[in-house]
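*Asks:* What follows is the residue order along each chain.
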Amino acid sequence: MRPCLVECMEQASGTGAEAAIRTRGLTRYFRTKPAVLDMGFRVERGTVCSILGRNGSGKTTTMRLLLGLLPPTRGRCWLLGEESTRLRPETRARVGYLPEGLPLRPGVRVRQLQAHQARCWKHWNPEVYRSIVHHFDIDPGSKTNQLSRGQRAGLCLALALAPEPELLILDEPTLGLDQVAHRAVLEALVHFAQQRGNTVFIATHQLHDAERISDQLIIMDGGTVRASCSPETLLCRVRAYNLIFDTAPPPRGPLKIRGLLELSRSDRSLRLVLADPDADALTRIRDLGASAVRESELGLQEAVTAFMARTRQSEAAPADTSAPLWR
Amino acid sequence: MAPLEIHITTGSQVPIYRQVVDQIRVAIATGELKVGQALPSVRAMAQTLLVNPNTVAKAYAELTRDGALESQQGRGVFVAQKRKVLADEERLRRLALAADRFVQECIGLGFSATELRQAVAQAVQIIRQRKVAP
Amino acid sequence: MRALFWHDLRALLPWGALCLVACALAMGYAATSMELFKMAPNQAPLTDRTMLLATMLGGVLSGIPLGLIQLVPELAPGRWALLIHRPLSPNRIFWSKVAAGLLLYSAAVGLPFAAVVWWSATRVPVPFDGRLALGGLVNLLGGIPCYFAALLVALRPSARWLGSRALPLATALLGTSCVAGSEELWQALVVLGVVIVLLAVSAWASFLSGIRPPSPPDFSGRRWLLRPGTARPALALCLLLGLYGLGVGLGNVTGDTSRLVPGRELVAILKEAGDLERLKEGSPGSFWDANRIFVPVPDYHAATGEDDVHWYYRRDAGQLVGYDRYTASIVGRIGAQGFRSLGPVRPFEGTLRYLNRGWLVLDTAAYRLDLKQRTVRKVADAKTLGPVRMATANRFYNVAAESELLLATNDAIVVVNEEGKRRVSLPLSLPGGCAGVAVTRAQNPAHSFPSWGDYLAVVWPCAWQGTMTLSRYSADGRSIGQKAEPFTHAHEWGLNHGVIAGLAPSFVFAGWLLTGTELPPRDLPRTWGSALFVLLGLWSVAGGAICLWLTRRYAFLPGPRLLWTVLCLVVGLPGILVLLASHEGSARLPCHRCGRPWSVTLDSCPHCGARPQAALGDGPKILAAS
Chain A
1 MRPCLVECME
11 QASGTGAEAA
21 IRTRGLTRYF
31 RTKPAVLDMG
41 FRVERGTVCS
51 ILGRNGSGKT
61 TTMRLLLGLL
71 PPTRGRCWLL
81 GEESTRLRPE
91 TRARVGYLPE
101 GLPLRPGVRV
111 RQLQAHQARC
121 WKHWNPEVYR
131 SIVHHFDIDP
141 GSKTNQLSRG
151 QRAGLCLALA
161 LAPEPELLIL
171 DEPTLGLDQV
181 AHRAVLEALV
191 HFAQQRGNTV
201 FIATHQLHDA
211 ERISDQLIIM
221 DGGTVRASCS
231 PETLLCRVRA
241 YNLIFDTAPP
251 PRGPLKIRGL
261 LELSRSDRSL
271 RLVLADPDAD
281 ALTRIRDLGA
291 SAVRESELGL
301 QEAVTAFMAR
311 TRQSEAAPAD
321 TSAPLWR
Chain B
1 MAPLEIHITT
11 GSQVPIYRQV
21 VDQIRVAIAT
31 GELKVGQALP
41 SVRAMAQTLL
51 VNPNTVAKAY
61 AELTRDGALE
71 SQQGRGVFVA
81 QKRKVLADEE
91 RLRRLALAAD
101 RFVQECIGLG
111 FSATELRQAV
121 AQAVQIIRQR
131 KVAP
Chain C
1 MRALFWHDLR
11 ALLPWGALCL
21 VACALAMGYA
31 ATSMELFKMA
41 PNQAPLTDRT
51 MLLATMLGGV
61 LSGIPLGLIQ
71 LVPELAPGRW
81 ALLIHRPLSP
91 NRIFWSKVAA
101 GLLLYSAAVG
111 LPFAAVVWWS
121 ATRVPVPFDG
131 RLALGGLVNL
141 LGGIPCYFAA
151 LLVALRPSAR
161 WLGSRALPLA
171 TALLGTSCVA
181 GSEELWQALV
191 VLGVVIVLLA
201 VSAWASFLSG
211 IRPPSPPDFS
221 GRRWLLRPGT
231 ARPALALCLL
241 LGLYGLGVGL
251 GNVTGDTSRL
261 VPGRELVAIL
271 KEAGDLERLK
281 EGSPGSFWDA
291 NRIFVPVPDY
301 HAATGEDDVH
311 WYYRRDAGQL
321 VGYDRYTASI
331 VGRIGAQGFR
341 SLGPVRPFEG
351 TLRYLNRGWL
361 VLDTAAYRLD
371 LKQRTVRKVA
381 DAKTLGPVRM
391 ATANRFYNVA
401 AESELLLATN
411 DAIVVVNEEG
421 KRRVSLPLSL
431 PGGCAGVAVT
441 RAQNPAHSFP
451 SWGDYLAVVW
461 PCAWQGTMTL
471 SRYSADGRSI
481 GQKAEPFTHA
491 HEWGLNHGVI
501 AGLAPSFVFA
511 GWLLTGTELP
521 PRDLPRTWGS
531 ALFVLLGLWS
541 VAGGAICLWL
551 TRRYAFLPGP
561 RLLWTVLCLV
571 VGLPGILVLL
581 ASHEGSARLP
591 CHRCGRPWSV
601 TLDSCPHCGA
611 RPQAALGDGP
621 KILAAS
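Chains A, B and C are the protein sequences, given in the same order. The opening residue of the first sequence carries number 1 in my numbering; numbering runs sequentially from there. The opening residue of the second sequence carries number 1 in my numbering; numbering runs sequentially from there. The opening residue of the third sequence carries number 1 in my numbering; numbering runs sequentially from there.
If you are wondering where the hints come from, they were derived from the structure by calculation, not from laboratory data. Backbone N, C-alpha and C fix where the C-beta goes; we use that ideal spot for every residue, glycine too. Among the clues, some could well be false.
[Unchecked claim] Facing chain B, a subset of chain A residues (Cβ under 7 angstroms, in silico):
| id | residue |
| --- | --- |
| 1 | V48 |
| 2 | L186 |
| 3 | V190 |
| 4 | H208 |
| 5 | E211 |
| 6 | I213 |
| 7 | D215 |
| 8 | E232 |
| 9 | L235 |
| 10 | E297 |
| 11 | G299 |
| 12 | Q301 |
[To be verified] Here are the in silico distance ranges between beta carbons for each label pair:
| id | chain 1 | residue 1 | chain 2 | residue 2 | range |
| --- | --- | --- | --- | --- | --- |
| 13 | C | R92 | A | G197 | 23 to 33 angstroms |
| 14 | B | A44 | C | P560 | 48 to 58 angstroms |
| 15 | A | R54 | B | L92 | 38 to 48 angstroms |
| 16 | B | Q37 | A | R109 | 48 to 58 angstroms |
| 17 | A | G197 | B | A121 | 44 to 54 angstroms |
[Stated by the list, open to error] No more than 25 angstroms apart at the CA atoms, straight line, and that leaves these computed lysine to aspartate or glutamate pairs for DMTMM-like:
| id | chain 1 | residue 1 | chain 2 | residue 2 |
| --- | --- | --- | --- | --- |
| 18 | A | K33 | C | D603 |
| 19 | C | K372 | C | D324 |
| 20 | B | K82 | B | E70 |
| 21 | C | K421 | C | D476 |
| 22 | A | K122 | C | E74 |
| 23 | A | K122 | A | E90 |
| 24 | A | K122 | A | E166 |
| 25 | A | K256 | A | E295 |
| 26 | A | K143 | C | E74 |
Using the sequences and the hints given, assemble the complete structure.
*Replies:* Spelled out as structure tokens, the structure:
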């Protein structure tokens, strides 16, 4: 099947301001398994971009490749206009990173950690640090292993935001947080994003957060980009079609319809989820011989899941979600 | 003057900016937002709702384009005088769209056309009551 | 950079302290045990085998944990990001860590060694020469390659097999064993320099490229071995050979241990007989104590054929003790006044200088022994000669075998016969701290002696570094001439030399180029020698060829490929070990068009030019400007 492209990001000729993040053909193999395969995307400055994907789809590897923590097997990526494998210290000072799992040096007091970090970064705004730490109710005298999960998130956020970076990269920041901490993190992110020129790049599988705060969604599956657009665009370009079959049962076997993401069968009906359905696709749908065809919109969750469902089947056929995972 | 309450639902088929637009429209229609009243700034609204400021900006822009709001340089966004901006066809198109959505949602529940009409009348009644109350 | 340095220093401090304590214990033990054990005080404790072993092991066992501990905790997911993502260039991050690690290493091994050196300078009654400390110092430096190897092991990318993960350590241990086995200082320094540079640069490069394992190593049972069926068995073999070389080196250093068992039995018997008072150190019957207190009489059984009685000199009691192995009982004791089968004897006064089956020499007097008759007779006294510094009746140097004893005092070498008559006195002033003296008598003028019966005295330099003095005397003791020559070892080839040469041909080549000595052993016929030389050359070339093949297989860029090939030509197998250790072999997948495998790092198939297949089939995508 040929891909359905409307406007390819990489062919966009408008360069204008340098993009905050840019990749081209990014590939990373771990032995023979590709974690990231031919990824190409672009995040403009001053936007909030969420990258969604299942566990193990390569989000964390992408983050590490972007930050130069891991060299790519093939392809290239640029952070704030500089190649990731050759980031200068001045550029690194403009990027804040919150790694997955909120790692902190164990057994150190919070104020010692803050002092060490403040010494390492040339520019350090103590007001920002203090306000976030206060917001999360962190006692500077406590040790890092005594902090709750929410407080760890707050501390990591404070340490990342105090140098006042231009680009903030977060890897699953709200994982496992309670409601209050979750909200506090989102507030901090929204506040950060409001300042002009600040970019946020967040890897998450919390769709609700992504929908709220993102300008751009990147859906990643199987190590490659499946979709890169705003949430509204995704909603309006992914459509579900319900086909009712009264006389004959629905056809068996894979269906060759352009843009088909997901199909599910039951005795009398067929549900197809399509991306960018065009006239050709609609004709083929009508040719299936259903007695009734109804088009409907999808919620963001279903649209995103439909994109990620592709990898459950082989390359040729779309995902068949007729059989539930459990009986 | 009660503060403006907007509730965002994530995961619905309606994009967030559209939800904001719709709810502000309803608020203007019911009188919750008086003419000439200032709306919260984009930043404040974004902070309150925990949504992307661009989304709020987009909602405000659409409402300003439709004439529901007007923006004054340096002072913010205010509720505009009610004036007819949209063409009749456009209004009718939007009505048809809303009706279609409503009917599709309820048809599966097995209500008859009469029950649907009663439901619509009831909803309008409620809004009218809200408008009257201070 | 400074913040990171201090932070690392503080984090490593407890481990450094642990290493310091361990090194202090090892070196302190070696130093104090030498005082009692060694007969010749001119051999200061610093050059003794046990001290050299202690320094070598101290270096290796301090370097490895410090290197591992500095990096392994940082490799947990997320911690690596905390380390690298800071406004500091990765070079500085690496070198500030290395600076902290090496500083602690120096303190951990250097401070105890400095203490031992100071102690031996003040306690041992010979003038101290700084060169005595060189052997131990070089052994300590041999721990630095192990430190860098440990850094490399920690950075080893995604190695599931623990054996292959430890490959850099094989190189470091090879280097350390070469250093320990080197006879001359410059050899050790060359080996050290090459191995340190190799491992340090590899560790640096690995760190910069951000290679780190995606998951912690698996300790399940099967994964301890090297992966079969690939080039790894060859490397496993080399690792084993390297360890063998190390073992041989260790064996040389620790010395013969076969005589210690009878000593233990003697201790037990003495204890039972109630004859044994408290030994000076340690608990009675332990392995090392018996060796220090009880000095066996060498060569007794081989020469006399008497196998039933073993004789020992007890340092703490100043007497010779004989015991019957078969009945496991004490035969008797020989003291200053003779043999007595029961009861105490008058002890010999003074420090033991030399002991063999015919002679017992102390610094106060020399005695002629007849252990078969169990008699002792004084033949020389220090009151007339002066205090005896060393003595020998070694057959090799003395033509007339055991009937002559050579006593070295401060200003002469006296040759005494068994009646006590002074044969000749060779005026020779021995420098303080000389390593040894040997005297030989001319047998054949063809050996470059002017006439029959002349004496040649050789004084070896301190710590075997520097010049040796050759002094010639006529048969009646007049000095004919004196010459100083630089001390060079006879380059005798043993099995461990062969092992080292086979694994590191460049070290041997460097030695050959710089000293001009002959490579093959002198005993072998000439053709064999040349063949060995050619074999070494081929081995070096093979190393370069293997490297070339490996770099092509894993699609190295031309620049690094050339560099690595040259390196492997020069260094040999250690270079290949380090290449495999520091570069993750990129996967090779079959091309979807032509079916032949090619490295995933390339943009297109080198065989057919096909581009790599796109991810997971082409599916619908939505890519739009937001």
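*Asks:* Each hint needs a verdict: does it hold in this structure or not?
*Replies:* Taking the hints in turn, this is what the structure says about them:
Hint status for V48/A relative to chain B: holds, with the closest Cβ pair at about 6 angstroms, below 7 angstroms. A distance limit of 7 angstroms between C-beta atoms decides the matter here; for L186/A the minimum to chain B is near 5 angstroms, and the interface restraint holds. The closest approach between the C-beta of V190/A and any C-beta of chain B is roughly 6 angstroms, which is under the 7 angstroms cut-off, so the hint is satisfied. A least Cβ separation of about 4 angstroms between H208/A and chain B falls short of the 7 angstroms threshold, and the interface hint therefore holds.
Annotation: E211/A was flagged as interfacial toward chain B, and the flag holds, the nearest CB pair being 5 angstroms apart, inside 7 angstroms. The interface hint given for I213/A holds, since its Cβ lies 5 angstroms from the closest Cβ of chain B, which is under the 7 angstroms cut-off. Here the hint on D215/A is kept, as its CB sits about 5 angstroms from the closest CB of chain B, short of 7 angstroms. The beta carbon of E232/A is positioned within 7 angstroms of a beta carbon in chain B (closest approach about 4 angstroms), and the interface hint is therefore held.
Hint status for L235/A relative to chain B: holds, with the closest Cβ pair at about 6 angstroms, below 7 angstroms. The restraint placing E297/A at the interface with chain B holds, with a minimum CB-CB distance near 4 angstroms, inside the 7 angstroms limit. Against a cut-off of 7 angstroms between C-beta atoms, the interface hint on G299/A holds, since the closest Cβ of chain B lies about 5 angstroms away. For Q301/A, the interface hint holds, the least distance from its beta-carbon to any beta-carbon of chain B being 5 angstroms, beneath 7 angstroms.
A hinted range of 23 to 33 angstroms for the beta carbons of R92/C and G197/A is consistent with their spacing of about 29 angstroms. At about 57 angstroms, the beta-carbon gap between A44/B and P560/C stays in the expected band of 48 to 58 angstroms. At roughly 44 angstroms, the beta-carbon separation of R54/A and L92/B lies within the given 38 to 48 angstroms, and the hint holds. Checking the proposed 48 to 58 angstroms range against Q37/B and R109/A shows it holds: the Cβ atoms sit about 50 angstroms from each other.
In this structure the hint that G197/A and A121/B lie 44 to 54 angstroms apart at CB holds, the actual value being about 52 angstroms. Note on K33/A and D603/C: the hinted pairing holds, with a Cα-Cα distance of about 17 angstroms set against a maximum of 25 angstroms. The hinted pair formed by K372/C and D324/C meets the criterion: a straight-line CA distance of about 13 angstroms does not exceed 25 angstroms. A distance of roughly 11 angstroms separates the Cα atoms of K82/B and E70/B; the hinted pair therefore holds under the 25 angstroms criterion.
Taken as a hint, the K421/C and D476/C pair is honoured in the structure, with Cα atoms around 14 angstroms apart against an allowance of 25 angstroms. Distance check on the hinted pair: K122/A and E74/C sit about 23 angstroms apart at the alpha-carbon level, within 25 angstroms; holds. For the hint pairing K122/A with E90/A, the CA-to-CA distance comes to about 9 angstroms; that is within 25 angstroms, so the pair holds. Restraint check: the Cα-Cα separation between K122/A and E166/A comes to about 15 angstroms, which is no more than 25 angstroms; the hinted pair holds.
For the proposed pair K256/A and E295/A, the alpha carbon gap of about 19 angstroms is at most 25 angstroms, so the pair holds. Of the pairs offered as hints, the one joining K143/A and E74/C holds, with about 19 angstroms between alpha carbons and a cut-off of 25 angstroms not exceeded.
The structure shown violates none of the earlier numbered hints.
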